[in-house]
Structures are given as structure tokens and as C-alpha cells.
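Asker: The chain contents come next:
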Amino acid sequence: MRITCPLCGERDRREFTYRGAALDAPAADDGAEAWHSHVHLRQNPAGPLEEWWHHQQGCGSWIRVRRDTVSHVMLASALAKPEDADGGSA
Amino acid sequence: MVELSAKTPCADLLPLTVGALTLSEVAPTVMTTLSPYEGCRDALSAALEARYGLRWPKPNRSTAKAGVRLLWFGRDMALLSGAAPDRGLSDHAALVDQSDGWAVVQLSGAGAEDALARLCPVDLRPSVFKRGHTARCDLRHMMASITRLGPASFQIMVFRSMAETLVEDVKTAMEAVAARG
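So the sequence lines, in the order shown, correspond to chains B and A. Its first residue numbered 1, the first sequence is counted upward by one per residue in the numbering used here. Its first residue numbered 1001, the second sequence is counted upward by one per residue in the numbering used here.
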């Protein structure tokens, strides 16, 4: 598996660490049910999935990757936006 | 009183020659990471150009002038080496002294990229990775910085604590390349 880092280019998967699906967090006052769903329940789709990967052995960027979970084809990758930067504290 | 003397990270380990390749330690120098504050990168680049004649490096590139090198060192980070940082730079960036923190070695000789190909999952051939190009990449599980200094010469940096592992791993790769003749 090779992942394209927007800064470093295409790199081997061993340089990256996986965080998980890139999910939109519920609002703070959305209630226990919404937060329970956000924290514990996952869709596990067979197909494209948005994920966070950390280019730990490279430039240190957090990258939002669109990966096909069936074929492992990397469909898109982009740097985490500044407002997403707290997605880094795994 | 105990007499303490400064020792470089690879003092007892290098230089080393195997076949056509030589691994040697780069003379220690002042090294500082520059991390621009949000929105300050252009101002920092201008300050660097005024002081050292070097602009902020693009990703995977380095620039050098009169013994001062500016090396891209990761996202929003560059390493200034060869000169103490100008105090004015701290208006635009966080400066962190790295001088004693890294083992800096140079691998030179024809086929140096063949040895590195055994260690790094990155294409370092001269057609792709030219003089002045730099990469932050994996080197046998170590977070390395690799820069091409010339047609057959690379600078390799890893954390100082990994100096012995670095020398051991590069030496093994050099021997493997030499054994192929």
C-alpha cells in the first residue's frame, strides 16, 4: 500500500500511522445518543472511506485520505485543514 | 574536578570505508529548527533572505550559500545550519537549538544510492533525487533526513541517540552492495 503525502509525494505505507475514519464530531450539546454513536458506532463500509493518516516517519503532517477499503486504492489525499489539526491527538 | 570533553555522536564509529563507499561524520555545526508562526512564513522568508541570502525552502528542497544551509525539515519546519540564528528571526518563528541532537553523517562514493535503496523506501536515484533535494523518510525504522549533496554524496541525519544503529545499518548495506561487486 502506498499513500500520497501532499508534501512528500507517494510513500510506502510503513511511514504512516493510522488514526481512523475522518468523522464529523457532533456539537457539544447534541446529547448522549449522538455522542455514543460518534464514539462507538462505525459504518465499516466496503468501498471509499475518509480516513486520517499521520506521516509520522516523514514530514509529520496529518493527512485526510480517501481509501477504497475493498481494493486499497488511494483515491485522494489532502493535508488536514488548520481547524482539523486537533485530529492529531490520537 | 572531572574533566568533561565534548564528543560527537559518531566519534568512535566513523569514518568507515567499504568497497567504493565511505561513511564519515559531518563536522558539528550550529543547527536550529525554524517553525514559522501562523501567517508569518513570508515575513520569515524575507528575513532569511536579508540575513543569509536564502529563502524559505520548498518542501523536499534545500538551499545553501556561503556555508549556511537551509533544509526543509518537515511540515512548516526548516533546519538552519552553519550559522547561529539571527535574533530577529524569533519575531516570525519558533527557534529551537538542535546542535547536539542529531547524528549527521555523509555517505559518498559511486553507488551510494544503491546502499540507501536497501534502507529507505524512497527513490533516491540521481534522475529523480537531484543535488539539493531532501527527504524526510524512514531509514530502517528511524526518522531520517536525507539530502543529496552531490552526484555521489548524501547527507544523512537521525536522532543522536540512534547514531550507533545508523552506522551499523548503513555499514551492513555498504557491505551488501560491495559484495555484489
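Be a bit skeptical, because a hint or two may be false.
What the hints assert, rightly or not - To give an idea of the chain B side of the interface with chain A (calculated C-beta under 10 Å), a few residues:
1. R2
2. P6
3. L7
4. R11
5. G47
6. S61
7. R64
Stated by the list, open to error - With the Cβ distance kept under 7 Å, some of the chain B side facing chain A (calculated, not the full set):
8. D12
9. R14
10. E15
11. A46
12. Q57
13. C59
14. G60
What the hints assert, rightly or not - Here are the simulated distance ranges between beta carbons:
15. V73/B <-> C1040/A: 37 to 43 Å
16. G47/B <-> R1087/A: 52 to 58 Å
17. A78/B <-> Y1037/A: 20 to 26 Å
18. L1004/A <-> V73/B: 53 to 59 Å
19. Y18/B <-> V1128/A: 25 to 31 Å
20. C1040/A <-> H38/B: 47 to 53 Å
21. S1024/A <-> D12/B: 24 to 30 Å
22. A1066/A <-> D29/B: 57 to 63 Å
23. D1123/A <-> Y18/B: 44 to 50 Å
24. A1046/A <-> Y18/B: 34 to 40 Å
What the hints contain is simulated information worked out from the structure, not anything from laboratory work. Since this is a predicted model, take the numbers as computed values, not measurements. Note that beta-carbon positions come from the ideal geometry of N, C-alpha and C, so glycine has one too.
Asker: Confirm or reject each hint.
Answerer: A quick look at each hint next to the structure:
no., hint, verdict
1, R2, "holds (9 Å)"
2, P6, "holds (9 Å)"
3, L7, "holds (4 Å)"
4, R11, "holds (7 Å)"
5, G47, "violated (28 Å)"
6, S61, "holds (4 Å)"
7, R64, "violated (14 Å)"
8, D12, "holds (4 Å)"
9, R14, "holds (6 Å)"
10, E15, "holds (5 Å)"
11, A46, "violated (28 Å)"
12, Q57, "holds (4 Å)"
13, C59, "holds (4 Å)"
14, G60, "holds (5 Å)"
15, V73/B <-> C1040/A: 37 to 43 Å, "holds (38 Å)"
16, G47/B <-> R1087/A: 52 to 58 Å, "holds (55 Å)"
17, A78/B <-> Y1037/A: 20 to 26 Å, "holds (23 Å)"
18, L1004/A <-> V73/B: 53 to 59 Å, "holds (56 Å)"
19, Y18/B <-> V1128/A: 25 to 31 Å, "holds (27 Å)"
20, C1040/A <-> H38/B: 47 to 53 Å, "violated (35 Å)"
21, S1024/A <-> D12/B: 24 to 30 Å, "holds (28 Å)"
22, A1066/A <-> D29/B: 57 to 63 Å, "holds (59 Å)"
23, D1123/A <-> Y18/B: 44 to 50 Å, "violated (24 Å)"
24, A1046/A <-> Y18/B: 34 to 40 Å, "holds (39 Å)"
Of the hints listed earlier, those the structure fails to meet are numbers 5, 7, 11, 20, 23, in rising order.
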